[in-house]
Structure formats: C-alpha cells, structure tokens
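Keeping their order, the protein sequence lines are chains B and G. Letter by letter, the first sequence follows residues 311 to 425 of our numbering. Letter by letter, the second sequence follows residues 91 to 201 of our numbering.
One or more of the hints may lead you astray.
[What the hints assert, rightly or not] Sample of chain G residues with no beta-carbon within 12 Å of chain B, all distances over it, derived:
1. 98
2. 102
3. 103
4. 110
5. 116
6. 117
7. 152
8. 158
9. 159
10. 160
11. 161
12. 172
13. 198
14. 201
[As the list claims (entries may be wrong)] Cut-off 30 Å, straight-line C-alpha distance, at most; resulting in silico cross-link-like pairs (BS3-like, lysine-lysine):
15. G:193 <-> B:405
16. B:413 <-> G:146
17. G:160 <-> G:116
18. G:116 <-> B:413
19. G:146 <-> G:193
20. B:319 <-> G:193
21. G:116 <-> B:405
22. B:405 <-> G:160
23. B:367 <-> G:116
24. G:193 <-> G:116
25. G:193 <-> B:367
26. B:413 <-> G:159
27. B:367 <-> G:160
28. G:146 <-> B:405
29. G:116 <-> G:146
30. B:405 <-> B:380
31. G:193 <-> B:413
32. B:324 <-> G:193
33. B:413 <-> G:160
34. B:367 <-> B:413
[What the hints assert, rightly or not] Negatives, chain B to chain G, calculated, CB over 12 Å:
35. 325
36. 326
37. 357
38. 377
39. 390
None of these hints come from the bench; they were simulated from the model. Even for Gly, the Cβ is constructed at its ideal location relative to N, Cα and C.
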Amino acid sequence: NAGVTQTPKFRVLKTGQSMTLLCAQDMNHEYMYWYRQDPGMGLRLIHYSVGEGTTAKGEVPDGYNVSRLKKQNFLLGLESAAPSQTSVYFCASRKTGGATNEKLFFGSGTQLSVL
Amino acid sequence: SQQGEEDPQALSIQEGENATMNCSYKTSINNLQWYRQNSGRGLVHLILIRSNEREKHSGRLRVTLDTSKKSSSLLITASRAADTASYFCAPRNSGNTPLVFGKGTRLSVIA
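Just chain G, same shape as in the assembly (with noise of 0.2 Å):
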C-alpha cells in the first residue's frame, strides 16, 4: 500500500469560489480515489480515477490524474459552504492491497 500526500493541508475561500486540492504519491497506480469526511462522521467516496484516464467529472467536482508526474488535483467548482470537510486522497497500487491514508486537505467554505 502507499499513502498519498495532500496539498495543501488547509484551504479556505468564500463560497462560490472553486476550490484546488493536490495529491501526490510515489509509486505506479490501477487507480486512485477521492474521499470527504465532513466533522466527526466516516470517509465518503467521491470519485475514482484509474490510471489510463486523464480527467473525471462528477457533478461539480473535476479529478485529474498525472502518471508521469505521479500526481491528481481535485477541483471543487463554485463551492458551497457544506462542501466544507477534509478530503483525502488514496492510490492504490494493485489488487487487493489495502488503502491507506494521508492527513488530507480541511477546506472552509466561508459563507
């Protein structure tokens, strides 16, 4: 298993704005995922990409994925404050190797 690194650790912006989360990670990928957790509840799946695409879109959330930089972006457009949460960002190597996560992005979407 290998951790992805989130960049950065903290972002806040006004709503309406979009927001930009990194990820970073060290080894060749099948996929990588996104997850949210908003305060003191469990991680949410939001979106997985798998190493032969380049860009996913759901709903307002656009995920990108670099192999040859070994890095993802999460873009939340024109953000809303309850888009206010940490995500994380998790790749996985291959097949049934666990995930495994970093500290994550705590983004504020101030009203």
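Isolated chain B (complex conformation) (with noise of 0.2 Å):
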C-alpha cells in the first residue's frame, strides 16, 4: 500500500515548456487534489476532482490543466511553463462520506523550477 504517490520528484523546465504531473493513489480514494506550496504562502488549491471524470478549479486555476480519466490518477498539466509556477505541488486524496473519512493523504512533492 503505497498511499500517494507523485512523479516526478524534480524537475527544471525552460519557459513555454510543457510537462504533466503525475499522482496516484491506491487507496480507492473518490476525490483528489492538486495544491502548491510557495514560501511564505501556505498551501495553495489548484484544482480538484470528486470522482472519475470531474474536475473543478481551486484559488489559483490560471495556468494549469487537470484531468481525472481514471479514479486512481489526477494529473496536473502546465501547458506553456512562466517562472511564476516555480513552486512545490502536492497532490492529496481522500474518501467520500463522513467525517472519519475526511482526512487527507498526501503525496512527498513535486520541486518544479522554471528557468
């Protein structure tokens, strides 16, 4: 039982490239989240999905595309990099229904850098 799991770990990119985060979770975990974390700024939501197929924008959307094709993956796409999304990205899971099952589980982190 892996829990959530992000890959890459790190990655540099230039300004205008591309590239698509990862998360996986093997918990059969119904919602997912995407956030980002910038010093001094706590963590930021992104986008989210509450199941297979959905998705919905965050605080910070701009910039980002999501996609939930398969209940256990949510990706994270940033189509044309800015310095500006130099951050860490954290994705989370969690189950649906009550309130012992509204815990998040977190992934260890993306470390992304645009140049």
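Quick one: dock chain against chain with the hints and give me the complex.
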C-alpha cells in the first residue's frame, strides 16, 4: 500500500515548455486535489476532483489543466510553463462520506523550477 | 471553503516544554483539522475535531475548539526535537468543499 505517489519528484523546465505531473493513489479514494506551496504562502488549491471524469477549479487554477480519466490518477498539466509556476506541488486524496473519512492523505511533493 | 489563520507564525521552545498554537476562522464549521508538515515533506493529518466537540486528545496532542469565538488551539505537551515542523489548521464548512490551508505555524524545538 503505497498511499499517494507523485512523479516526478524534481523537474527543471524552461519558460514555455510543457509538462504533466502525475498523482496516483491506491486507496480507492474518490476525491483528489492539487496544491502548490510557495515560501511564506502556505498551500493554495489549484484544481480538485470529486470523482472519475470530474474536475473543478480551486483558488489558483490559471495556467494549469487537469484530468481524471481513471479513479486512481489525477494529472496536472502545465501547457506553457512560466517562472511564476516555480513551486512545490502536492497532491492529496481522501475518501468520501462521514467525518472519519475526511482526512487528507498527501504525496511527498514535486519540486518544479521554471527558468 | 474557508482558510484558517494560524498564530503565531513562528514558535521556538526548548525540548520538554509545551507548545501551543492557535487557529482562527471566520464562518461556522462542520469540523476542523490539524496537519503537520516536516521540512520538504507532504502534510500529515494529526487530528479532527467536530463542531459539537470541545476538546480532543491524541497522545501528546490536545486540541480545543471554541465555536463561539471561532477559534481552535493545538497543544503539544513535553515537546521533542522531532516535533519541529510546520502546523496547519483547516476548518471545513460542510459537504464536499475542499480544504484550504493558511501559512501555518513554524515550530522549532531546540534540544
């Protein structure tokens, strides 16, 4: 049981390049989330999904796209990377229904630098 | 979704002392969660307290909730160097609204 796995762990991009971050969970969770964390800013929600085939915008969605084609995977795409997207990206997931299922499980993060 | 605001922003204590962190929020909640983040790692869930609960314990952690003041506190007793981390609160309004996180409290426990 690996929990939430993010790939890659590190990546350096040039401005204008594209890439996809992959989040995979093996806990059969319905809900999945993408956050970014910048120094002094806490975590900000980018996009989230409440089930396979559904996505929704969070606080800072501009410049990102997401897809949830399979329940266990949530992909975050950067079509044209910008230096402002330099950040640490975290994926999280949780079950649905009931207070006991509300805790989030986080991946270990992807450190992305855009030059 | 609503964001909690943690206070203080940073806290430095000696090993063995107690550490208290506070969280304030703005609108009524269904529950409030606390998370810990060790440097360079993802957040780890510590404890969830429901709106109808006033206090909850988990090992050396004690969480209180005062819904009339819209505030919560996290107490870590007999702190250890391994407790050095950032701590975040996350109030949940209801239903499926996603959690949002503030800037957290950076706790340093000096051996």
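A quick look at each hint next to the structure:
The non-interface label for residue 98 of chain G is consistent with chain B: the shortest C-beta to C-beta separation is roughly 14 Å, beyond 12 Å. Every CB of chain B lies more than 12 Å from the CB of residue 102 of chain G, the least distance being 18 Å, so the non-interface label holds. With a cut of 12 Å on Cβ distances, residue 103 of chain G stays outside the contact zone with chain B, its closest approach being about 22 Å. For residue 110 of chain G, the condition that its CB be more than 12 Å from all CB atoms of chain B holds, with the nearest at approximately 20 Å.
In this structure residue 116 of chain G is separated from chain B by more than 12 Å, as the shortest Cβ-Cβ distance comes to about 16 Å. Taking the minimum C-beta to C-beta distance to chain B, about 17 Å, the non-interface status of residue 117 of chain G holds against the 12 Å cut. With a closest Cβ-Cβ approach of about 18 Å to chain B, residue 152 of chain G is found to remain outside the 12 Å limit, as its non-interface label requires. Distance to chain B confirms residue 158 of chain G as a non-interface residue, since its nearest Cβ pair spans about 21 Å, more than 12 Å.
Residue-level check passed: residue 159 of chain G sits 22 Å from the nearest beta carbon of chain B, beyond 12 Å. Listed as a non-interface residue, residue 160 of chain G keeps its Cβ farther than 12 Å from every Cβ of chain B; the least gap is roughly 19 Å. Distance check on residue 161 of chain G: its Cβ is at least 18 Å (rounded) from any Cβ of chain B, clearing the 12 Å threshold; non-interface status holds. With 12 Å as the threshold on Cβ separation, the claim that residue 172 of chain G sits away from chain B holds: the shortest Cβ distance comes to roughly 18 Å.
For residue 198 of chain G, the requirement that its beta carbon stay farther than 12 Å from each beta carbon of chain B is met, with the minimum near 16 Å. For residue 201 of chain G, the requirement that its beta carbon stay farther than 12 Å from each beta carbon of chain B is met, with the minimum near 26 Å. For the proposed pair residue 193 of chain G and residue 405 of chain B, the alpha carbon gap of about 25 Å is at most 30 Å, so the pair holds. Only pairs whose Cα atoms come within 30 Å are accepted, and residue 413 of chain B paired with residue 146 of chain G is accepted, the gap being roughly 16 Å.
Between residue 160 of chain G and residue 116 of chain G the CA atoms are separated by roughly 7 Å; this keeps the pair inside 30 Å, and the hint holds. Restraint check for residue 116 of chain G and residue 413 of chain B: satisfied, since their Cα atoms lie roughly 21 Å apart, inside the 30 Å limit. This hinted pair checks out: residue 146 of chain G and residue 193 of chain G have alpha carbons roughly 23 Å apart, not beyond 30 Å. Distance restraint check for residue 319 of chain B and residue 193 of chain G: the Cα-Cα separation of roughly 23 Å lies within the 30 Å cut-off, and the hinted pair is therefore satisfied.
For the hint pairing residue 116 of chain G with residue 405 of chain B, the CA-to-CA distance comes to about 26 Å; that is within 30 Å, so the pair holds. Taking the CA atoms of residue 405 of chain B and residue 160 of chain G, the gap is near 27 Å; set against the 30 Å cutoff, the hint holds. Between residue 367 of chain B and residue 116 of chain G the alpha-carbon distance is near 22 Å, which keeps this suggested pair within the 30 Å criterion. Proximity of residue 193 of chain G to residue 116 of chain G is assessed by CA-CA distance (about 16 Å); at most 30 Å being required, the pair is judged to hold.
In summary, the hint linking residue 193 of chain G to residue 367 of chain B is supported, as the alpha carbons are separated by about 21 Å, within the 30 Å threshold. Taken as a hint, the residue 413 of chain B and residue 159 of chain G pair is honoured in the structure, with Cα atoms around 24 Å apart against an allowance of 30 Å. For the proposed pair residue 367 of chain B and residue 160 of chain G, the alpha carbon gap of about 27 Å is at most 30 Å, so the pair holds. With a C-alpha separation of about 22 Å, the suggested pairing of residue 146 of chain G with residue 405 of chain B holds against the 30 Å cut-off.
Distance check on the hinted pair: residue 116 of chain G and residue 146 of chain G sit about 21 Å apart at the alpha-carbon level, within 30 Å; holds. Among the hinted pairs, residue 405 of chain B with residue 380 of chain B is consistent with the structure: their alpha-carbon atoms are about 15 Å apart, no more than 30 Å. For the hint pairing residue 193 of chain G with residue 413 of chain B, the CA-to-CA distance comes to about 19 Å; that is within 30 Å, so the pair holds. Distance check on the hinted pair: residue 324 of chain B and residue 193 of chain G sit about 29 Å apart at the alpha-carbon level, within 30 Å; holds.
A threshold of 30 Å between alpha carbons decides the hint, and for residue 413 of chain B with residue 160 of chain G the separation of about 21 Å falls inside it, so the pair holds. Restraint check for residue 367 of chain B and residue 413 of chain B: the C-alpha separation of about 20 Å stays at or below 30 Å, so the hint holds. At roughly 25 Å, the least C-beta separation between residue 325 of chain B and chain G is larger than 12 Å, which holds for a residue marked as non-interface. With a cut of 12 Å on Cβ distances, residue 326 of chain B stays outside the contact zone with chain G, its closest approach being about 28 Å.
Not every C-beta of chain G lies more than 12 Å from that of residue 357 of chain B, the closest at about 10 Å, which undercuts listing it as non-interface. Even its closest Cβ contact with chain G, about 18 Å, leaves residue 377 of chain B beyond 12 Å, as expected for a residue assigned away from the interface. With a least beta-carbon separation of about 26 Å from chain G, residue 390 of chain B lies farther than 12 Å from that chain, consistent with its non-interface assignment.
Violated hints amount to a single one, hint 37; each of the other numbered hints is respected by the structure.
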